[in-house]
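K.L.:
Residue numbers (numbering that gives the first Met the number 0), protein chains in the order written: chain A, 0 to 203; chain B, 0 to 203.
Keep in mind that the hints were calculated from the coordinates and are not lab data. Please note: incorrect hints may appear among the correct ones.
It does not matter which identical chain is meant; a pair holds if it fits inside one copy or across any two.
To be verified - Capping the alpha-carbon separation at 20 angstroms, the derived lysine to aspartate or glutamate pairs in DMTMM-like fashion look like this:
1. 191 / 98
2. 138 / 14
3. 45 / 96
4. 50 / 24
5. 157 / 134
6. 43 / 118
7. 63 / 134
8. 200 / 185
9. 195 / 53
10. 200 / 134
11. 138 / 96
12. 163 / 134
13. 191 / 130
14. 194 / 180
15. 138 / 79
16. 138 / 97
17. 138 / 59
18. 101 / 134
19. 17 / 173
20. 27 / 14
21. 138 / 98
There are 2 protein chains.
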Amino acid sequence: MLLCDVGNFSAKFLEDGKFFSLNFDELKNYQPTQNAYYISVNSKFKPQNSKFIDISGFFEFKTKYIGLGIDRIAGCYGIDNGIVVDAGSAITVDIMEDEIHKGGYILPGIGAYLKAFRDISPALNFSFNFDIHLDSLPKNTQNAMSYGVITSIILNIKNLSKNKKIYFTGGNGEIFSRYFENSIFDKNLIFKGMKKALIQKGVL
Amino acid sequence: MLLCDVGNFSAKFLEDGKFFSLNFDELKNYQPTQNAYYISVNSKFKPQNSKFIDISGFFEFKTKYIGLGIDRIAGCYGIDNGIVVDAGSAITVDIMEDEIHKGGYILPGIGAYLKAFRDISPALNFSFNFDIHLDSLPKNTQNAMSYGVITSIILNIKNLSKNKKIYFTGGNGEIFSRYFENSIFDKNLIFKGMKKALIQKGVL
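If we strip away everything but chain A, and leave its shape as in the complex, we get (with noise of 0.2 angstroms):
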């Protein structure tokens, strides 16, 4: 079984539980050797290759949010009830309850919080500092940097999950996990998603 999520910066495979990422050129000259099940939230990526075949149709998400990316409906998909939080290029934080999608928020990414500040001003270029006391203010432009990012989107998650378990996937996903006591880290959690949709249609 191979499955891609494609994002916005690069595309993400679980090929027979082997996981591997490729960037967009990589993508490009990808020639899979089983059907490759897609997912992908990047109007960019447009396969030539006839093993590529997109399962956005096969998920039954009850949501009334309008246009919810196909990488948060995946991510979702597996979950009755808790907090899915997504922290790659994006974070987005979605909120499920019985089974239904009750809405969700999106949050830049680290990498787009640094950059962001960069083009700020040149003042503001630095490399983010997860490795900051929550409980002491900062004291310089790294640290209140990095210390704003970090707890505007963990009080956020905090104040959205109350006592929910919270589920967290993506590239800093398990960094943010840490400052959570009902939290999962998973690395996996939208192939997962892809995975049941797959089986609940009898693809697998």
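Given the structure of chain A, go ahead and fit chain B onto it with the hints provided.
P.N.:
Same frame as chain A, now just chain B:
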């Protein structure tokens, strides 16, 4: 009296009680007719006109923060106790206790958030919607972005401010101040700090 606050993208002036703003091209050609007492966070601003007088050294400000922007110092300079929020190209949040600066943090400004979203994906290219209800979850992308940004900013400030008074300034200061009961919006907060420093130094 002519005061000038040079920011990352424009310069604000207060001349004999009247407020005006110049972009960078306009600033280069601007010839003040009286002494222009200025602060600047913009390293590109190198005034040739001798009427421009840098007053960044005039502030006697107690802080352990290394590299605090002179605009943040000026904004805090008239405040004994409270939170100072400057919501401009960046959003800075600073805490004053008994005339001592205890630290602070930085977030992107609203325009920088929107650019960050656009840079992630053309699917996230929306204007900002301040007119959303924060007690119901977003059901479309524009509201999901706006909700994420507004809630992350205000929850962060609320977490820090507790019952302290919050002084808002900057282009989006007024709209954010509406989310807080214990808040004041003062467009001229930075100029007031500058004026205080000038009075202390015997210039005014």
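K.L.:
Among the hints numbered above, which are violated by the structure, and what are their numbers in rising order?
P.N.:
Hints 2, 3, 8, 10, 13 and 14 not satisfied by this model.
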